[in-house]
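Sequence lines, in order, name chains A, B and C. Numbering follows my numbering, in which position 305 of the first sequence is assigned residue number 305; successive positions increment by one, without gaps. Numbering follows my numbering, in which position 185 of the second sequence is assigned residue number 185; successive positions increment by one, without gaps. Numbering follows my numbering, in which position 184 of the third sequence is assigned residue number 184; successive positions increment by one, without gaps.
I should point out that these hints are in silico values taken from the structure, not numbers from a laboratory. Errors might be hidden in some of the hints.
20 angstroms max Cα-Cα, derived DMTMM-like pairs, lysine to aspartate or glutamate [claimed, not checked]:
| hint | chain 1 | residue 1 | chain 2 | residue 2 |
| --- | --- | --- | --- | --- |
| 1 | A | LYS129 | C | ASP127 |
| 2 | A | LYS136 | B | ASP221 |
| 3 | B | LYS110 | B | GLU67 |
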Amino acid sequence: MKTKRYILLSLSLLLVFAFALTACGQKPTEETKPAATEETKPVETEATAGTFLERAYAGEFKGTAVTMTGPFTDEDAVKFDNSVKAFEDATGIDIQYEGTKEFEATISVRVEAGDAPDIVDFPQPGLLKTFVNQGKVVDVSTFLPQSSFDNYNQSWWDMATMDSPTGSIVAGVWQRFNAKSQVWYPKDDFDAAGYQVPETWDDLVALSDQIAADGDKPWCVGIESGAATGWPATDWMEDIMLRTTSLDNYDKWTTGDLPFSSPEVKNALSLLTTLWDDKYVYGGREAIVTTFFGDAPTPMFDEPPKCWLHKQGNFITSFFPAGVQAGVDYDFFYFPPIDTQYGKPYLVAGDIMAMFNDRPEVRAVMEFFTTGASVKEWLAAGGALSPHKDASLDWYGDDVERGIAALVAQSTAVRFDGSDLMPGEVGAGSFWKAMTDYFSGSIDMDTALSEIDASWPH
Amino acid sequence: MSKKPKSAKTKSKLGSLLVNGILLLIVLLWTIPTIGVFVSSFRDPFDIQTSGWWSVFPHKEWVKIDEFKPADDLDRDSVMKIAGVSGTFAEFRAGILKPDGEKVTWVGNKRLGMIQIQEKKWVTRTKFTLDNYDKVLSGKKYVIKTSSGATKEFQGDNFSGALLNSLTVAIPATVIPILIAAFAAYGFAWMQFPGRRILFVLIVALLVVPLQVALVPILKDYVKLDLNGTFLAVWLAHTGFGLPLATYLLFNYISGLPRDILESAFIDGASHFTIFMRLILPLSVPALASFAIFQFLWVWNDYLVALVFIGAKPDVQVFTMRLAEIVGSRGNDWHLLTAGAFVSMVLPLIVFFSLQRYFVRGLLAGSVKG
Amino acid sequence: MKSVPDAKEKPTNILEWLISNLAGLFISVAMPIITFGVLIIVFKWLRATTPNTMTEKVLVSLVAIVWGVGGALILYLISNKVVEQLPPKWVKLLQPFIFVGPAVVILLWYLALPAARTFWISLFNRDGTQFVGLSNYVAVFTERDMLEAFRNNVLWIIFGASLSVIAGLIISVLADRSKFENLAKSLIFLPMAISMVGAGVIWNFIYEVKDVADPQIGLLNAIMVLFGGKPQAWTALNQPWNNLFLIVILIWMQTGYAMVIFSAAIKGIPEELIEASRVDGANELQIFFRIMIPYIMGTIITVSTTVIIFTLKIFDVVWVMTGGQFGTHVIATQFYRQAFTNQNKGFASAIAIVLLIAVVPVMIYNLKQFSGKEAF
């Protein structure tokens, strides 16, 4: 009896399955997976004339897809999609970008498991370096035409060259960058109060004193950023380092050859400490570590302003309250030189695009990123600067960003964000943490600096 | 009940008052944070950032009744006399009380500041809006300047697609592990076999394995099986990651069932399989329901597993990814987060309410002797 | 039930035996094959399908549920049937594995093997190129950051785990005797339903700190200011006590879990038992301690075990609120940082293994309980 019942039961369940299958199987199931998961075909060398970009524009890769991932989401992803749209329309290549908040985790897992997307946008070269060391990244110099190389200052290519198991390779191309050596101020109120834009460090300190004497706090500072709390402080440190010591020392510092406990770094931190003082900072020194970096400039736009100066990369304009106008409500000035013998350097950071799967259409997209056209729409929309020589200053959406781009071009030296160049333990770890602990008052300067030195991986 | 003496009745009345009172207090304590966000989700973004959510209730606050520019020739560095009161700049900045209850405050710095006369008045900030919900549900709008100089509007993805994806992920990923775990729990509880102890310990130990360590090997296998990027991949992953808890919880419940029930069933000649299907499963409904709730919640609120195994493409994106995107690269869109938090809570609550009725007393009533 | 033929009988009349057992033979050979075939076809179909429209998605998830649950059920059914054809001795030996087998296989694949692999990696350097023995473990127990994380995890267990369990127990007992049981339980459960991102924002409205001169938008600081105090950065300063403010969030979220399970267990206490002791004159407190607690002891152990393990693994509360800054790192956030930010695979793996070892006492306790159980 019971056996019969079981057979009946299983048969009826099987029937359900068969039914479900036929019901759903009606629709032909086309293979909609992107070509990425297919076998990577070896790229035929010089089968057709022209660079990969030219071949793409000739329609050779029509119907293919290139997968991309990176840390930017939200409005930035919209801006990115908009800037590659013309390329997609012209070539028929579908660039599928997915941004994620857990970028570091997902990219590590996917690369290690052999499921890497075609192109990855790295906001810091440090993480990319790990993958290059493991030999997971395609050398872009093997296929990029000379015109791509000519479109950048050599220093960009130097920063993209990394060590792989097969020797030095060019690990990626720079699509856009962020300039950091500028101070923002509320222009209308600033002018109305009769303050002057400072040209030197002494002017800057005098201006700070003046604003303090007038009853306000001059500086808006906030370095809270979740797990990354402390990073704005590292930008300050780097800018001061560039202005108080030689470029050579700066480079040594980023590679670990100049320790944090050296007099140069100590001097920079002391200078920063004099400025990040209770009398200068809105909310007092304690507020520095607890204020979200994106909220920090907000009191500058209160009517009347509660603080007057804010040093931050050009991306910060997208955090400004809605409706404030560039050139009217706010403007910027160059973070003044401290010791004039070191010239007028500019601190930058940027996004490097690295390639993990070698297919002709991926090569075409990479080559596209070496042209100014790949960021043209983004420049118009604001929030990004172009490292390409063929990008025109006219493309910028507002005078402020155009002004920054021009200043970077005129600077005596361009240096990359030091913490981004340091190994993750330091540049995305102990450096942030030590700055946070130091400014929150839980450790003193010597302890902070020696803890960073101790964390440097061997 | 009616037979009870009167004193006991009043005593029990007092007891129930006490019980309800304490319960009310705890519930209130637990709910205040949520109420705050619920109120905030209907407030204007600017209000959210500049005043506490409790200011929607009537309260007294200083209100500006007059404002004027201080005389230019006023010496701001000494004691000044303004609007009938005198004091230093610092004192005016903090506000000086007039005898009639009004307050004279210097707003701004010495150069640009204004004098405000303020009075304490009853205020209720009741500027409510449904905008936050609208933005969350129908997608953010981005107005972006293009190279032609014109501005163009982009409509962000809406929530409904992501909610559907989340459901598609969550329901199978909740249902599938339950059955497997129930079988295993019964096996551990009531069947004798070699390796029983060691396997059970293994399951408890696996509870603590951080699932991040499993991501790389599993994804490697998925790449070989060509499973990555499919819903199936996520269902199986959630099944794997949810099984230790499911097995452990169900084991606790099933092993706690009275031994006599099973014994009498065995005497009647039932097999393990029959007992499991006919007796154990129906009796375990409360435990199955409670595990179903938890597993559904975890899957529903998961971000990392879905991200690694199906990715963030708009057509497969689950809602936690949308929520994270809404927070934005800026991380300060609190007004959208508040609304998003409530939208995302609706389904788990429906699941909770619909399964809550299975937590009933007396399932065992008929089967326990004496 | 079908009688299994004697072993002696078998060789004498194979044909007869075969005919009489045709049904059994069919079940043991054909059914599994057909079932596997169907399951694999559906598997392939599920793998190849990317549903796009609403109806397709609903349909595909339905098929998936039927495939998963139905498939599991059929597999159990059939393999059980097959085993039951065998001599009783074999049935007794093999049947348990049909019950626990699938779960064990899945767990091996998804968790046990990765854990073993993690142990292997933990013996190597950061990128797995050099065997370093136990030096990663030495680092785990000597680095200042790690020691801080251990200290914090102890705080989390002492305060977070115990208070969640106690609060869950008290609430479920109170709710059981209240008329508003469902409402109260729903409200306590509410925080569980909120995603961590949402919970982060909720607690920002409690802990947020603004300048003294500005209106406070965090409730706690508004209360501070109301009573003339100075606004505090609750989660950032006053280390290590700032950890307690993070732990409160965990208690808030986790109590619902404990409550739901306790509630189900309390419903299982026979009403007669409580009535009887009430008639004997026991007061409510005595009933709670003498009747209820012993009766649901097994559940208390289960809930405590899981809550302790959740707390040991605590990650997202810290990650969302402070990111581990201000001395709030815990073991899991350190693991994440080492694995992904620092790309130090060896170190990260060692942390994960230490987490596994930390749970050993809990396991031993559970094993004791387990040994007391007698099976059939």
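Hint check results:
For the given pair, LYS129/A sits about 12 angstroms from ASP127/C by alpha-carbon distance, which is consistent with the 20 angstroms threshold. Between LYS136/A and ASP221/B the alpha-carbon distance is near 19 angstroms, which keeps this suggested pair within the 20 angstroms criterion. Among the hinted pairs, LYS110/B with GLU67/B is consistent with the structure: their alpha-carbon atoms are about 15 angstroms apart, no more than 20 angstroms.
Violation of the numbered hints given earlier is absent; every hint is satisfied by the structure.
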